[in-house]
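All chains, full assembly: derive it from the sequences and hints.
Listed below are the residues making up each chain.
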Amino acid sequence: MGKNVKRIQLPRRFSIDEVPGLFDEIKGVQKDTPLEIDFRDMADFDSSSIAFFNYLKKNYPHLTFTNVQPELKKILSLFSIGKDTGDPSDSRVSMAERLQAVGGKVIKFEEILKGFLVLLADEISYTFQYLLKRRGVYPGEIFNQIYFMGYNSFPIVSVIVFLIGVTISITSAEQLRDFGADIYLADLVGFGMVRELVPLMTGIILAGKVGASITAEISSMKVLEEVDALKTMGLIPEKFLMVPRLIAISLVIPLLVVLADLIGIFGGVLVAYIVSGIPPDLFFREMFTVVGLSDFFIGLMKTLVFGWIVVISSGFKGFSVERGAVGVGIATTESVVLSISLIIASDCVFALILY
Amino acid sequence: MKEIVGVKNLHVGYGDYVVLKDLNFAINLEEITVIVGKSGCGKSTVLKSLIGLLPPISGEIFFRGEKMDYLSETSLQTLYKQIGVLYQNSALLNSLTLYENIALPIKMRHPDLPAAIEREMVNTRLSQVGLLENRDKFPAELSGGMKKRAALARAIILDPAIIFCDEPSSGLDPITAGGLDELMLNLKEFFGLTFVVVTHELRSIEKIADNVLVLDNGGLHYFGPYRDLFTLKDRFIDTFFLKDINDDYKRTKI
Ligand SMILES: Nc1ncnc2c1ncn2[C@@H]1O[C@H](COP(=O)(O)OP(=O)(O)OP(=O)(O)O)[C@@H](O)[C@H]1O
Ligand SMILES: [Mg+2]
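From first to last, the protein sequence lines are chains G and S.
Mapping of the first sequence onto our numbering: position 144 corresponds to residue 321, and the numbering continues sequentially without gaps.
Mapping of the second sequence onto our numbering: position 155 corresponds to residue 297, and the numbering continues sequentially without gaps.
FYI, nobody ran anything at the bench for these hints, they're computed from the structure.
Among the hints, a few may not be true.
The calculated lysine-lysine pairs, modelled on BS3-like cross-linking and capped at a C-alpha distance of 25 Å, are [said to hold, decoys possible]:
hint, chain 1, residue 1, chain 2, residue 2
1, S, 289, G, 408
2, S, 209, S, 144
3, G, 416, S, 249
4, G, 416, S, 223
5, G, 310, S, 249
6, S, 223, S, 209
7, G, 235, S, 330
8, G, 408, S, 349
9, S, 330, S, 349
With the C-beta cut set under 7 Å, the calculated list includes, among others, these residues of chain S facing chain G [stated by the list, open to error]:
hint, residue
10, 233
11, 247
12, 248
13, 255
No experiment lies behind these values; they were computed from the predicted model shown.
C-beta atoms are modelled at their ideal positions from N, C-alpha and C, and glycine is treated no differently.
Here is the structure:
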């Protein structure tokens, strides 16, 4: 017991400005030193001083408070937490965990693939069921979706494919001129647009415009219990929400592809005429020696596959949100990334199969 | 008194996280059972299990004597045909008008019903909840209380045998809340509907409750008739229902 008692006389005013000084003074004191805090002079205090007393209580087992007014005692008891809850977690360290807490569980790649394929299989069967029985989908919803998707994608797809048509023609025209092969610009633009660039660009734009909004809508419905409400009304949310979108995209894409093919090639014709002086009739005559109807259908089929990839990926991400508004934002960006990755991967598969 | 829902040794929660354990209770036809408990104690969680959305961790739920199978689509569909649910967030579809929201269950489940009959049914429910004038508005244009009332109208539109309500009157003024209580009592009395209601509103509990289910501390604290509640002299219950303002509270009040 030979230890010295450390006595501390609290000042008259002991509040947030005085706490750091005293804290520094006490920090050097060994934890097992008997500590005596004298409250006699203290008249003014605030919640930081109370936090300071609570800190002392937790850290110094041999602590005594002397000359405490009864009034203060009551206040101290009101401010005690009871159990020590430890340090709060550090957001910088656990950001990933937190994102997962709001955005759902940690999902492994195999699980994503499995979930995606299961949803795809379900959707194919729901779509056929609907086409046969005409039930389980809100009347008029398919038309709404066609309007919405068309409205969202036609203008932007037109502008982008036109610019791409112009860009590749300008870039290639120069190269071809060096070989005196100007006229082959028609083949290059026609074939490249119809088979490759129109499907790819359309798919990517659909991922950004249509897919993102599908995920945002479905995930917020999930968060706001609307998906649960559909279930307990005896409906299948994966059918009610997804089938109209799948049918709509399957109907919108053919129109979109025809439009995009025409506009993209028009960009090429324009450049060919202005830069290389190739008249349009010559351009088309040359183009049709290489580009046939089958190429148009291959391009269309690829775009349809990309469209389905977009809708299924977006729905998949939307339905897998657990809770919280933050989850909606995360799911939306993830759905765009997933759609674009799958589009490019399957484009590669198409290239391998078709050439 | 016939049992409609029976619960045996039920453990509910999310994944490995058990929210409530060892629940045993029964809900009888034509009675109003009120679920109370502190915020976060698991009221919505039990409700989710009772309506087939959250498979129990263990234990059993019987619906009209049949054991519920959460993996069987037919078992769930049988359940869904007989229940109505009023969600805590109202959960109206934002892309549809109020009228269309309430007509949705009819349109989807009975597409062959003549439109004129559908209109009658929907309008009746809309006026019962006092929303007839607002029927062409979208949910985003309604106040929280209006959405709650619309959601109740949707829940009862197909005359389910039992209706589950998660905080129907939170956020409502006393007069509107009183109107909802009145509506529930009438539906019970005249149409023989059964209700399970999660609520914190003491006035409402006093008015509508036949039975009370008190949840606390991860389990069932009390289940039985409302009228016996205060004969128990139970500290938690008395505090919860403000029958006894505890000492700490008195002291801090001065
Ligand atoms: N989807 C979920 N995943 C994991 N835990 C959840 C989930 N939903 C709720 N919980 C947790 O389960 C517990 C019970 O939540 P619940 O929503 O059932 O409470 P409640 O009694 O309805 O509360 P309130 O009165 O505030 O609505 C809480 O601790 C909550 O954090
Ligand atoms: Mg709740």
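Structure-based check of each hint:
For the hint pairing residue 289/S with residue 408/G, the CA-to-CA distance comes to about 19 Å; that is within 25 Å, so the pair holds. Of the supplied pair hints, the one linking residue 209/S and residue 144/S holds, its CA atoms being roughly 16 Å apart against a limit of 25 Å. For the hint pairing residue 416/G with residue 249/S, the CA-to-CA distance comes to about 15 Å; that is within 25 Å, so the pair holds. Restraint check: the Cα-Cα separation between residue 416/G and residue 223/S comes to about 18 Å, which is no more than 25 Å; the hinted pair holds.
Between residue 310/G and residue 249/S the alpha-carbon distance is near 15 Å, which keeps this suggested pair within the 25 Å criterion. Distance restraint check for residue 223/S and residue 209/S: the Cα-Cα separation of roughly 16 Å lies within the 25 Å cut-off, and the hinted pair is therefore satisfied. For the given pair, residue 235/G sits about 56 Å from residue 330/S by alpha-carbon distance, which is inconsistent with the 25 Å threshold. This hinted pair does not check out: residue 408/G and residue 349/S have alpha carbons roughly 31 Å apart, beyond 25 Å.
At most 25 Å may separate the alpha-carbon atoms for a hinted pair to count; residue 330/S and residue 349/S meet this at roughly 13 Å. The interface hint given for residue 233/S holds, since its Cβ lies 4 Å from the closest Cβ of chain G, which is under the 7 Å cut-off. Hint status for residue 247/S relative to chain G: holds, with the closest Cβ pair at about 5 Å, below 7 Å. Interface hint status for residue 248/S: violated, as the beta-carbon distance to the closest one in chain G is roughly 10 Å, over 7 Å.
Look at residue 255/S: its Cβ only gets to about 13 Å from chain G, farther than 7 Å, so that hint breaks.
Checked against the numbered hints given earlier, this structure breaks hints 7, 8, 12, 13; the rest are met.
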